[in-house]
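Asker: Residues per chain are reported as follows:
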Amino acid sequence: MRYLTDRKRAVGKGAAHSGTEHHWYMTVSAVGLAVMIPTFLFIFGRALGSGHEQVLATFARPFPAILTGLVLVIGLQHFRRGAQMMIEDYARGTTRKIAVIFVITFSYFLMACGLFALAKLAL
Amino acid sequence: MADLKPVERPLSPHLQIYRPQLTSISSILTRIAGNGLIVGVVLAVWWLLAAASGPDYFAFVDGILTSWFGDLVFSLSLLAVWYHYLAGLRHLYFDAGKGLDIETAEMLGWGCIIGSVVLTVITLFLV
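Read top to bottom, the protein sequences are chains A and B. Each residue of the first sequence is one higher than the one before, counting from 0 in numbering that gives the first Met the number 0. Each residue of the second sequence is one higher than the one before, counting from 0 in numbering that gives the first Met the number 0.
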């Protein structure tokens, strides 16, 4: 006889111990990125190779600056979860631990660098 | 404590056993494209930092990013981003329980591959 109810077992969050949080985060960020990416590619592609003055002018405007900041933060959060899942599929033990820690810290490092640059360009 | 000696377990068939199929290849490509995009992101963040730090350093980084090497990386990144984009939309469609029969799934796979090439070419013309 099972003493736990079905609900109680589901509350334990399954084999991964994280329930559907990862999947839901990836769904939400994917939809957000799907809306933002086409415009971002256009703005970034136009700015690339346009010269320093033009780059400063582009990212001093609110729309390109805010959009680039959002794409960086959401994109890298999406990346870090996807990359962590890939590592967990293919690596084990200490290698896995080191790789996961590297991916998470590197993602935040890139976010910080990008946001710092955007703030400096915008102000 | 449980016995820590490794147990001989039967292995389930893996990649080298199965015949490559469009559905599996297009799924693996999604992962490769998504993770490969970090190269383009690193270069883009470096370029933004350079723009923020002054004209001399910007000229150096911009020179690298607009050289043949930069063009190659960003063109491949563009292909990767469009492929990952379309495959992601397909993933959302699959999640909704739709398009899961083999015929539709294979058609969507070709849609991702051909669509990403077409969108890459269009983007390269626009920017």
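Simulated from the structure, these hints should not be mistaken for laboratory data. In this text the structure is predicted, and so the values were computed from the model without any measurement. Check each hint, because a few of them may be wrong.
[Stated by the list, open to error] With a Cα cut of at most 30 angstroms, we get these calculated DSS-like pairs of lysine-lysine:
hint : chain 1 : residue 1 : chain 2 : residue 2
1    : B       : Lys4      : A       : Lys119
2    : A       : Lys12     : A       : Lys96
3    : B       : Lys97     : A       : Lys96
[Claimed, not checked] Far from chain B by the CB rule (all over 10 angstroms, computed), these chain A residues:
hint : residue
4    : Arg60
5    : Gly92
6    : Thr94
7    : Lys119
Idealized CB from N, CA, C, for every residue including glycine.
Asker: Confirm or reject each hint.
Answerer: Hints, verified against the model:
no.: 1; hint: B/Lys4 with A/Lys119; in the structure: violated (57 angstroms)
no.: 2; hint: A/Lys12 with A/Lys96; in the structure: holds (22 angstroms)
no.: 3; hint: B/Lys97 with A/Lys96; in the structure: violated (36 angstroms)
no.: 4; hint: Arg60; in the structure: holds (14 angstroms)
no.: 5; hint: Gly92; in the structure: holds (14 angstroms)
no.: 6; hint: Thr94; in the structure: holds (17 angstroms)
no.: 7; hint: Lys119; in the structure: violated (4 angstroms)
When held up to the earlier numbered hints, the structure conflicts with 1, 3, 7 and fits the remainder.
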